[in-house]
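A.B. asks: Here is how the chains run, residue by residue.
2 protein chains.
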Amino acid sequence: MSQRQLHLNLNFIGAGTHSGAWRWPGNRADAFLDPDYLVEVAKIAERGTFDAIFLPDRPAHPDRSGTGPFPALEPTLVLATIAAATRHIGLIATVSTSYNEPYNIARRIATLDHLSRGRAGVNLITSADLPSAANFGLDAVPEHAQRYRRAIEFAQVLQALWESWGEGALIADAQSGKFIEHDKVRPIHHEGEFFRVRGPLNLPRSPQDKPVLVQAGGSDDGLELAAAHAELVFTAAHTLDDAQAYATKLRQRAQALGRSPNAIAILPGLVTIIGSTEAEAREREAALWELSSLEQGLKWLGGILQVDASGFDLDQPLPAGIPVPVNGSTTFARNLLAKAYQPGVTLRQLLRTRGGGANNHRAIVGTPEQIADDIIEWFSSGAIDGFNLMPIILPSGLEDFVDHVVPILRHRGVFRHEYEGTTLRAHLGAPSI
Amino acid sequence: MSQRQLHLNLNFIGAGTHSGAWRWPGNRADAFLDPDYLVEVAKIAERGTFDAIFLPDRPAHPDRSGTGPFPALEPTLVLATIAAATRHIGLIATVSTSYNEPYNIARRIATLDHLSRGRAGVNLITSADLPSAANFGLDAVPEHAQRYRRAIEFAQVLQALWESWGEGALIADAQSGKFIEHDKVRPIHHEGEFFRVRGPLNLPRSPQDKPVLVQAGGSDDGLELAAAHAELVFTAAHTLDDAQAYATKLRQRAQALGRSPNAIAILPGLVTIIGSTEAEAREREAALWELSSLEQGLKWLGGILQVDASGFDLDQPLPAGIPVPVNGSTTFARNLLAKAYQPGVTLRQLLRTRGGGANNHRAIVGTPEQIADDIIEWFSSGAIDGFNLMPIILPSGLEDFVDHVVPILRHRGVFRHEYEGTTLRAHLGAPSI
Numbered sequence: 001m002s003q004r005q006l007h008l009n010l011n012f013i014g015a016g017t018h019s020g021a022w023r024w025p026g027n028r029a030d031a032f033l034d035p036d037y038l039v040e041v042a043k044i045a046e047r048g049t050f051d052a053i054f055l056p057d058r059p060a061h062p063d064r065s066g067t068g069p070f071p072a073l074e075p076t077l078v079l080a081t082i083a084a085a086t087r088h089i090g091l092i093a094t095v096s097t098s099y100n101e102p103y104n105i106a107r108r109i110a111t112l113d114h115l116s117r118g119r120a121g122v123n124l125i126t127s128a129d130l131p132s133a134a135n136f137g138l139d140a141v142p143e144h145a146q147r148y149r150r151a152i153e154f155a156q157v158l159q160a161l162w163e164s165w166g167e168g169a170l171i172a173d174a175q176s177g178k179f180i181e182h183d184k185v186r187p188i189h190h191e192g193e194f195f196r197v198r199g200p201l202n203l204p205r206s207p208q209d210k211p212v213l214v215q216a217g218g219s220d221d222g223l224e225l226a227a228a229h230a231e232l233v234f235t236a237a238h239t240l241d242d243a244q245a246y247a248t249k250l251r252q253r254a255q256a257l258g259r260s261p262n263a264i265a266i267l268p269g270l271v272t273i274i275g276s277t278e279a280e281a282r283e284r285e286a287a288l289w290e291l292s293s294l295e296q297g298l299k300w301l302g303g304i305l306q307v308d309a310s311g312f313d314l315d316q317p318l319p320a321g322i323p324v325p326v327n328g329s330t331t332f333a334r335n336l337l338a339k340a341y342q343p344g345v346t347l348r349q350l351l352r353t354r355g356g357g358a359n360n361h362r363a364i365v366g367t368p369e370q371i372a373d374d375i376i377e378w379f380s381s382g383a384i385d386g387f388n389l390m391p392i393i394l395p396s397g398l399e400d401f402v403d404h405v406v407p408i409l410r411h412r413g414v415f416r417h418e419y420e421g422t423t424l425r426a427h428l429g430a431p432s433i
Numbered sequence: 001m002s003q004r005q006l007h008l009n010l011n012f013i014g015a016g017t018h019s020g021a022w023r024w025p026g027n028r029a030d031a032f033l034d035p036d037y038l039v040e041v042a043k044i045a046e047r048g049t050f051d052a053i054f055l056p057d058r059p060a061h062p063d064r065s066g067t068g069p070f071p072a073l074e075p076t077l078v079l080a081t082i083a084a085a086t087r088h089i090g091l092i093a094t095v096s097t098s099y100n101e102p103y104n105i106a107r108r109i110a111t112l113d114h115l116s117r118g119r120a121g122v123n124l125i126t127s128a129d130l131p132s133a134a135n136f137g138l139d140a141v142p143e144h145a146q147r148y149r150r151a152i153e154f155a156q157v158l159q160a161l162w163e164s165w166g167e168g169a170l171i172a173d174a175q176s177g178k179f180i181e182h183d184k185v186r187p188i189h190h191e192g193e194f195f196r197v198r199g200p201l202n203l204p205r206s207p208q209d210k211p212v213l214v215q216a217g218g219s220d221d222g223l224e225l226a227a228a229h230a231e232l233v234f235t236a237a238h239t240l241d242d243a244q245a246y247a248t249k250l251r252q253r254a255q256a257l258g259r260s261p262n263a264i265a266i267l268p269g270l271v272t273i274i275g276s277t278e279a280e281a282r283e284r285e286a287a288l289w290e291l292s293s294l295e296q297g298l299k300w301l302g303g304i305l306q307v308d309a310s311g312f313d314l315d316q317p318l319p320a321g322i323p324v325p326v327n328g329s330t331t332f333a334r335n336l337l338a339k340a341y342q343p344g345v346t347l348r349q350l351l352r353t354r355g356g357g358a359n360n361h362r363a364i365v366g367t368p369e370q371i372a373d374d375i376i377e378w379f380s381s382g383a384i385d386g387f388n389l390m391p392i393i394l395p396s397g398l399e400d401f402v403d404h405v406v407p408i409l410r411h412r413g414v415f416r417h418e419y420e421g422t423t424l425r426a427h428l429g430a431p432s433i
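If you're matching them up, the sequences are chains A and B in order.
Using UniProt numbering, the letters of the first sequence correspond one by one to residues 1 to 433.
Using UniProt numbering, the letters of the second sequence correspond one by one to residues 1 to 433.
It cannot be assumed that every hint is accurate.
As the list makes no split between identical chains, a pair holds if one copy fits it or if it spans any two.
As the list claims (entries may be wrong) - Pairs of lysine to any residue, SDA-like flavour, derived with a Cα cap of 20 Å:
#, residue 1, residue 2
1, Lys43, Ala134
2, Lys43, Ala84
3, Lys178, Ser310
4, Lys178, Glu295
5, Lys178, Leu294
6, Lys43, His88
7, Lys43, Glu418
8, Lys178, Pro25
9, Lys178, Trp289
10, Lys178, Glu290
11, Lys184, Pro131
12, Lys178, Leu298
13, Lys178, Ala287
I should point out that these hints are in silico values taken from the structure, not numbers from a laboratory.
All values derive from a computational prediction rather than experimental measurement.
Bound conformation, chain A alone:
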């Protein structure tokens, strides 16, 4: 296949991206805790030959704003469960670099790579929220630049530990009794601002040599992390111009650091609401909207903007003059404010464009053809390499995508008909460096 190929991940969130999805008729409201459900959804994505399952995470309870499923089960364990029931699909776990030790994470992700025979990836985030900080002994969220310095050093330690077992270091020759080529297993002696790690890893080199490193978040600090270490980036882009501008900046920066500009796959989030007609898709969206909570929407908005939004009037625009918070999720806040301050937009309308107030990504509503057209338009621009798909409702919204959108993408020659390899790197076309 010579044509450039699209990459698709499933961003697997509870019952779907929409905050009303868990109440959808036929869905089990507590399915987000059920291993059979997790495996069922993963198998649908594997049937659609997706590159990977992507699990978000946040190491804190959503508190009183939580009115639906949230990232509860720990991602690496969920992915080990999914690995046991699948053969091909990649497995990407989100991990906070602020509240973990790199030795433990290097080991857990390499373990997942062994257990899945080469399908593991890790998405490094810095955790911008206070409730997470308070679970790890802190009174305040560490400042943005410091969090990212730690994340970059964290990524360096992961890479060094994954390289600490040279090729052929595990001999395991019963005849001679030689188990390890000790000279090929080397301490890393890392000493940095945040970590001192002697190494080596206590785990032989994993099937991918190194699991895939993923980064999410579009601040300048985040871009620096992505340019230096990421092989896949999960971005938020609401216009093709934005996506193009980000891609140019990221690829230039990667090149300046000596990497190939094409070494990084860029996948924006994309919320999909599918119907057999556009009207049906819009009806589905409206029906979900009826099941979602405006109260939660306001709390979510308050969280992103770091203001108390509980008293805001839903039929008025967002009060003027709210700045991008200094120490939060910069990209999300910037995108949200840009939309909120468009003329005549009420809070109710703003929340509604956000799938019930539970996400920060671009949404498309339409038929399989419309959705495939949109995907191919963005992909063909060259700005992006695919999407982190966020079906508005699971499993049905994913089934619709796999059964009706994927065949169009295949027919147009931009997406695989079957897996050509068994590792995440093979799906991404990313050699381990």
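Add chain B to chain A, keeping to what the hints say.
C.D. replies: Showing chain B alone in chain A's frame:
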């Protein structure tokens, strides 16, 4: 069934307890990294209606002393893999309290409890070795008492986080849209010597309410941790008198802390070498001995006693005057020195009684009848509640136990014929407190 029942765990170590086991004809030397092998062994233990799989751990590379499989894959992920392929057997992961945050571990173990539908347990260790310390920024192992103060506080935080979701807190009622009863989910506001954790856990109460807490290690500090928090204790006892003395001390201490003296199941380690005749068992042991490394044995001994043993003469006794190290694995060192300083014991003989120098537990060599007799004798004394079994070789040594020893134990009325419940607590007869 009214008779008091025996509890059996499989202490799952690579290719078996013996350091030569990975070289045994027919065994694959790299099987310790293979998920199919892990599942195969677990299924044999489940066929034998064992209470649980117990995975040891050490977050550091064994360095140059490693001449065989070692705890490489991270235990909680291995157990998630096993959970997906089994229905009944309990799943106990060893975790270092010195090099983890309690919020992360509370969440991972509760996640395992959800994914396995109530079969999770966690064995808290303090990690007495320098290589582990050096992977987490330290130049020295924290002193013994401090490690255990941290472990006790760690256990308190785990318990509090597991209790932070009250019964019925997860509503998940699609009809009303009520997802969480927020008043039943409470922060823990823990502030101690080592940890400050706000909570609550970001995970609804798990099937066992609280996963099972396990402790291993017999120092006074360890006993304090066990008496206060453990529901299962993995001990090392070489004589029934020792086991009796330890049990009396532990049960008295638990009672003084207001717990029932029978709330703790005591399971010493037991290495088994099985043959259809005693001579066959001894031949098997001798054949394994031929496959093991004396060099590794000396390094292992040096590690326990914190001396350089590489120059010691194997045909002489251990040099006189070596003390129990102040800051190490106290029980292991004490047991080892007691045996080493018996009159006339050479180093070669000492290492040989240790299954090739790779373990610290009592070993029995014999027929299924002899092994069953021994187990029942210890069990009937009342000092112990069962064993953490360490087959000298896997999977064949475990198959021998399940096919030939388990039927005798069942016939004599001390061991279950089938599982009566589906949770680890049910197997242990341990209500969640």
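A.B. asks: Should Lys178 paired with Pro25 be assigned to within, between, both, or neither, using CA atoms and 20 Å as the limit?
C.D. replies: So Lys178 and Pro25 pass the 20 Å test across copies only (15 Å; inside, 60 Å).
A.B. asks: Have a look at Lys178 and Ala287 and pick one of within, between, both or neither, based on CA distance no larger than 20 Å.
C.D. replies: between (65 Å within a copy, 18 Å between copies)
A.B. asks: Is it within, between, both, or neither for Lys43 and His88, if the alpha carbons may be no more than 20 Å apart?
C.D. replies: within (10 Å within a copy, 24 Å between copies)
A.B. asks: Since the copies are identical, ignore which copy is meant and state whether Lys43 and Ala134 lie within 20 Å (CA to CA) inside a copy, between copies, both or neither.
C.D. replies: neither (36 Å within a copy, 41 Å between copies)
A.B. asks: Check Lys43 against Glu418 for me: Cα-Cα at most 20 Å, and say if that holds within a copy, between copies, both or neither.
C.D. replies: Intra 14 Å, inter 33 Å, cutoff 20 Å: intra-copy only.
A.B. asks: Can you tell me if Lys178 and Ser310 fall within 20 Å by alpha carbon in one copy, between copies, both or neither?
C.D. replies: Answer is between: at 19 Å across copies they meet the 20 Å cutoff, but 66 Å inside does not.
A.B. asks: My question is about Lys178 and Leu294: at a cut-off of 20 Å on alpha-carbon distance, are they close within one copy, between copies, both, or neither?
C.D. replies: Close across copies (13 Å), not inside one copy (65 Å); limit 20 Å.
A.B. asks: Have a look at Lys178 and Glu295 and pick one of within, between, both or neither, based on CA distance no larger than 20 Å.
C.D. replies: Cα proximity of Lys178 and Glu295: across copies only (12 Å, versus 64 Å in one copy).
A.B. asks: How would you classify Lys43 and Ala84 at a CA-CA limit of 20 Å: within, between, both, or neither?
C.D. replies: both (11 Å within a copy, 15 Å between copies)
A.B. asks: Since the copies are identical, ignore which copy is meant and state whether Lys184 and Pro131 lie within 20 Å (CA to CA) inside a copy, between copies, both or neither.
C.D. replies: between (43 Å within a copy, 18 Å between copies)
A.B. asks: Between Lys178 and Leu298, at a C-alpha cutoff of 20 Å, which is it: within one copy, between copies, both, or neither?
C.D. replies: For Lys178 and Leu298, the Cα distance is within 20 Å only across copies (17 Å; inside one copy 63 Å).
A.B. asks: State whether the alpha carbon distance between Lys178 and Glu290 is at most 20 Å within one copy, between copies, both, or neither.
C.D. replies: Answer is between; shortest inter-copy Cα gap is 14 Å, intra-copy 66 Å.
Of the hints listed earlier, the one the structure fails to meet is number 1.
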